[in-house]
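Chain order of the listed sequences is A and B. The first sequence begins at 424 in our numbering and counts up by one. The second sequence begins at 336 in our numbering and counts up by one.
There's no promise every hint is true.
Said to hold, decoys possible - Taking lysine-lysine pairs in the DSS-like style, the calculated list, with each CA pair at most 25 angstroms apart, reads:
id	chain 1	residue 1	chain 2	residue 2
1	B	LYS355	A	LYS465
2	A	LYS534	B	LYS376
3	A	LYS424	B	LYS390
4	B	LYS390	A	LYS522
5	B	LYS399	A	LYS522
6	A	LYS424	B	LYS399
7	A	LYS530	B	LYS355
8	B	LYS349	A	LYS522
9	B	LYS355	A	LYS424
These aren't lab readings, by the way, just hints derived from the structure by calculation. Since the model is a prediction, treat every value here as computed from it, not as a measurement.
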Amino acid sequence: KQEVTQIPAALSVPEGENLVLNCSFTDSAIYNLQWFRQDPGKGLTSLLLIQSSQREQTSGRLNASLDKSSGRSTLYIAASQPGDSATYLCAVPLYNFNKFYFGSGTKLNVKP
Amino acid sequence: GAVVSQHPSWVICKSGTSVKIECRSLDFQATTMFWYRQFPKQSLMLMATSNEGSKATYEQGVEKDKFLINHASLTLSTLTVTSAHPEDSSFYICSARSNRGHATGELFFGEGSRLTVL
Numbered sequence: 424k425q426e427v428t429q430i431p432a433a434l435s436v437p438e439g440e441n442l443v444l445n446c447s448f449t450d451s452a453i454y455n456l457q458w459f460r461q462d463p464g465k466g467l468t469s470l471l472l473i474q475s476s477q478r479e480q481t482s483g484r485l486n487a488s489l490d491k492s493s494g495r496s497t498l499y500i501a502a503s504q505p506g507d508s509a510t511y512l513c514a515v516p517l518y519n520f521n522k523f524y525f526g527s528g529t530k531l532n533v534k535p
Numbered sequence: 336g337a338v339v340s341q342h343p344s345w346v347i348c349k350s351g352t353s354v355k356i357e358c359r360s361l362d363f364q365a366t367t368m369f370w371y372r373q374f375p376k377q378s379l380m381l382m383a384t385s386n387e388g389s390k391a392t393y394e395q396g397v398e399k400d401k402f403l404i405n406h407a408s409l410t411l412s413t414l415t416v417t418s419a420h421p422e423d424s425s426f427y428i429c430s431a432r433s434n435r436g437h438a439t440g441e442l443f444f445g446e447g448s449r450l451t452v453l
C-alpha cells in the first residue's frame with residue numbers, strides 16, 4: 424500500500440525566505456504527483472501536477488521536483504510572502520486513479 | 336485550472352434531519368468523484384469514491400446508509416447525510432478527477448461544506 428509522508432509537519436519562516444517542503448512516497452510506480460494548498464476552512468487548491476515522466480514543474484514562485492527512483496518530491500517556494508501561509512499537501516494516485524494517497528501536510532506560517 | 340463547485344458552503348440543521356451536499360464539475364466531465372471528511376486540524380479522510388452510473392465504493396467504517404452518495408451524471412455527485420446527529424458535524428469536501436488532455440488524472444477540489452448539526 425502506498426504511504427505518503429510530509430516533513431516537516433509545521434514550518435515558520437520570516438517573509439522573504441526561500442523554503443523547501445518535502446514529500447516522500449513508498450511505491451515509486453506512480454503516474455503523477457500533485458501539490459495542493461489548503462487555507463483554513465477551505466477546500467484544496469491545486470498548485471502543480473508533475474507527470475511521472477517529468478522532473479519538475481514551475482508556476483510563478485513555486486517549483487516542484489520529482490525523483491521517482493528515490494520516492495521524493497519537493498516543493499520550493501521562492502521569496503515567501505505572508506499570503507503563502509497555508510497547509511501544503513502532496514498526493515499520488517493509485518494506478519487506476521480510483522484512489523489518491525495524501526500526505527498529512529505541512530503547515531506553513533510566513534511571518535511579516 | 337478546472338473548477339469544481341460545492342454547495343452549500345455551510346449548513347446548520349436540527350438533529351434527525353437530512354442534508355444534501357452537491358458537487359459539480361463545471362468545465363469538465365468527471366467519471367470519478369471523491370468525498371472526504373475533515374476534522375479540525377486533521378488531514379482529509381476519504382469517505383467514498385463515486386463513479387458515474389454505478390454504486391459508490393465506501394471506505395471501511397463509513398456507513399453507506401447514513402452517507403448516501405449519488406453520481407447520476409458526469410458533472411454532478413451528491414452526498415446526503417441522513418438523520419444527522421451532532422457527531423456528524425464536520426467539514427465535507429468533494430473532489431473530481433479530470434480526464435481531459437494533459438491534465439489527465441489531475442484532482443480538483445470543491446470549496447468544502449461546513450455542516451453543523453444542533
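Review point. Is it true that the CA of LYS355 of chain B sits at most 25 angstroms from the CA of LYS465 of chain A?
Key: It holds: about 19 angstroms lies between the C-alpha atoms, which stays within 25 angstroms.
Check your understanding: If you draw a straight line from the CA of LYS349 of chain B to the CA of LYS522 of chain A, is it 25 angstroms or shorter?
Key -> This hinted pair is violated, its Cα atoms lying about 33 angstroms apart.
Check your understanding: Does the alpha-carbon distance linking LYS424 of chain A and LYS399 of chain B stay inside the 25 angstroms limit?
Key -> holds, 24 angstroms
Check your understanding: Taking only the CA atoms, is the gap from LYS390 of chain B to LYS522 of chain A under or equal to 25 angstroms?
Key -> holds, 15 angstroms
Exercise for review: Would you mind confirming whether the straight-line C-alpha gap from LYS355 of chain B to LYS424 of chain A stays at or under 25 angstroms?
Suggested key: Roughly 33 angstroms between the alpha carbons, so the hint for LYS355 of chain B and LYS424 of chain A is violated.
Point to revise | Proposed proximity, LYS355 of chain B with LYS530 of chain A (alpha carbon, max 25 angstroms) | key: Violated: LYS530 of chain A and LYS355 of chain B sit about 31 angstroms apart, past 25 angstroms.
Practice item. Given the hint that LYS399 of chain B pairs with LYS522 of chain A, test it: the Cα-Cα distance must not exceed 25 angstroms. Key: The hint holds at about 18 angstroms.
**Study point:** 25 angstroms limit on alpha-carbon distance, applied to hinted pair LYS534 of chain A and LYS376 of chain B
**Key:** holds, 20 angstroms
**Study point:** Pair hint outcome, LYS424 of chain A versus LYS390 of chain B [Cα-Cα no greater than 25 angstroms]
**Key:** Satisfied, since the Cα-Cα distance of roughly 24 angstroms is no more than 25 angstroms.
Hint compliance for this structure: hints 7, 8, 9 are not met, and every other hint is.
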